[in-house]
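Chain A is already provided as a structure; the job is to place chain B on it using the hints.
The listed protein sequences correspond, in order, to chains A and B.
End of the first sequence sits at 127 in numbering that gives the first Met the number 0; the numbers just go up one at a time, nothing left out.
End of the second sequence sits at 364 in numbering that gives the first Met the number 0; the numbers just go up one at a time, nothing left out.
Heads up, some of the hints might be wrong.
Said to hold, decoys possible - Only pairs whose alpha carbons sit at most 30 Å apart, straight line, appear in this in silico DSS-like list of lysine-lysine:
| id | chain 1 | residue 1 | chain 2 | residue 2 |
| --- | --- | --- | --- | --- |
| 1 | B | LYS59 | B | LYS155 |
| 2 | B | LYS59 | B | LYS198 |
| 3 | B | LYS329 | A | LYS53 |
| 4 | A | LYS53 | B | LYS155 |
| 5 | B | LYS329 | B | LYS198 |
Derived by calculation from the structure, the hints in this document are not laboratory data.
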Amino acid sequence: MGIVPVLVPPDSGALEVLIASPSYPQDLGGVLWRYRPDKSADGRAGSFTPRVPKFSIGSLVTCKGFYFRLEGYVVHHNDSPPTPYQVVVTIAADGRPVHSEVPEQGGTGVVGDQSVAFLYVFQIQPAT
Amino acid sequence: MTPHRTCGTLVLLLLSLGALARPLLASAESSPDSAAIIALVMSVPYGVPSSPAFELLPNKPDLVTHASTPNDFQAGLVSWLDGSRMRVGVAADTRPLVRAAGSPSNYRRHWWRQAAFRMTLAAGTALATSGSKDVITSFGVRVPIIDLGDSRADPKFAQSIIEAINQGLSSGEQPRLDETLAQTQARIDRASNLPEVDKIRGDFSRLHWNSPRVELGAAGSVTSREGALQGTDRSTQGGVWVGISGPLWRGCRVGQLTALGKSIWSRVSADSDETDRKLGGARIRGFWSESFTTSLEAARIWSRHTRDATLNEHWNHYAAVMEWRVVQLKGWVGIAYGGDTRHRGQQKDEVSLRYALYRKAILSR
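Chain A extracted, bound-state conformation (with noise of 0.2 Å):
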């Protein structure tokens, strides 16, 4: 598994994760979770839904070299032929995208009448 380090310029305030789907008309859900340096849990970060696709995770100084699990998934509207999908993540601090990429983990693909998921695993660092 993939650890993703986000790097966020010292100066930043608050962060945000969006998770989207730019290209193609797929419905995206998940939850975020957080832990601490030593990797032990530390509780839910958020939920994502269409309604709520980003929210804050607090700033740097509070979420800095914890690690964060983004546990995604693309809602499956019983497609046959099965549709494309791509999923696309970013970190945004004080509004400004710091880190977008699609997830390594199930960022693409195809969904057809079962949800499929995606994982998105990173650590926020600061940039020096």
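Relative to chain A, chain B alone:
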């Protein structure tokens, strides 16, 4: 007319039909087998086929390769070639305009993006007749232009499903940081199958099973000698389908009216071959309660032979079916009246009364 009065009138109409047909009971089939009723109900499909291309093949393909993008579809077609000949028994489908839809909000804002996204393209090959080496290659498209029962176009549906799945994912212990994608998929599968999620999907289906829909289909095929790619096409076929369906009245959740028009024409070699067959028909289905359903349908079929007009003919198809669930018998009693009127392929009028007792309802939404 109120919904209840309409429903009552329909039931009375069907009961009257049954009463009129009572003298026929003596000659009706008394076999408990429900196959005859199923055949009667299925003989005219009132809707645009899911893959019009496959309607022009002698047999539906057993295996259809789903290409997720038009490029994959195109790449797949190359593998259908065996030198300069087409392989037999291959089939594929795709959504050719899948990228036209854009994001979920764009999709919901524009009906044409929805129609483009829902459009499917399919192709397949088959032997023209068993024992022959001639190959039919068929292409077709299906375009659901309007579909007010499209769950993807309803933001409330997505929101409520996702809230319920998130609830399931959040309950219980926090997963370990190093859980794999497969473990995550398993957790999402469990959360997606919770009763709350099933209920949201079930409620949506019950509310929208008869929502207005307009669909178009078109297909074309060519028969080539031994599958050769060029210069030996012996005959072609083409077809168009138009299907419209919707509730019996505004807000009705129990009944559906469906109308279909279709035309299939062929370039033929023999004078006696049919060159054009058209069908127009309509069906009303009612699911009046958990234990009483009805279906009424009527269609006319026209058969044309341009080389010999004396062979032209038309005939009618009727069917009226009622089903009651009998709890004591743990099954359904079905009564059906209908069939095809006389035509060349059927020398006597086969409109008749049938009844049967069976476990599972034949009529479904």
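Going down the list of hints, with the structure as the test:
1. For the given pair, LYS59 of chain B sits about 37 Å from LYS155 of chain B by alpha-carbon distance, which is inconsistent with the 30 Å threshold.
2. A distance of roughly 34 Å separates the Cα atoms of LYS59 of chain B and LYS198 of chain B; the hinted pair therefore is violated under the 30 Å criterion.
3. At most 30 Å may separate the alpha-carbon atoms for a hinted pair to count; LYS329 of chain B and LYS53 of chain A exceed this at roughly 52 Å.
4. Annotation: proposed proximity of LYS53 of chain A to LYS155 of chain B holds, straight-line Cα distance about 18 Å (limit 30 Å).
5. This hinted pair checks out: LYS329 of chain B and LYS198 of chain B have alpha carbons roughly 25 Å apart, not beyond 30 Å.
The structure is inconsistent with the numbered hints 1, 2, 3, although it conforms to all the rest.
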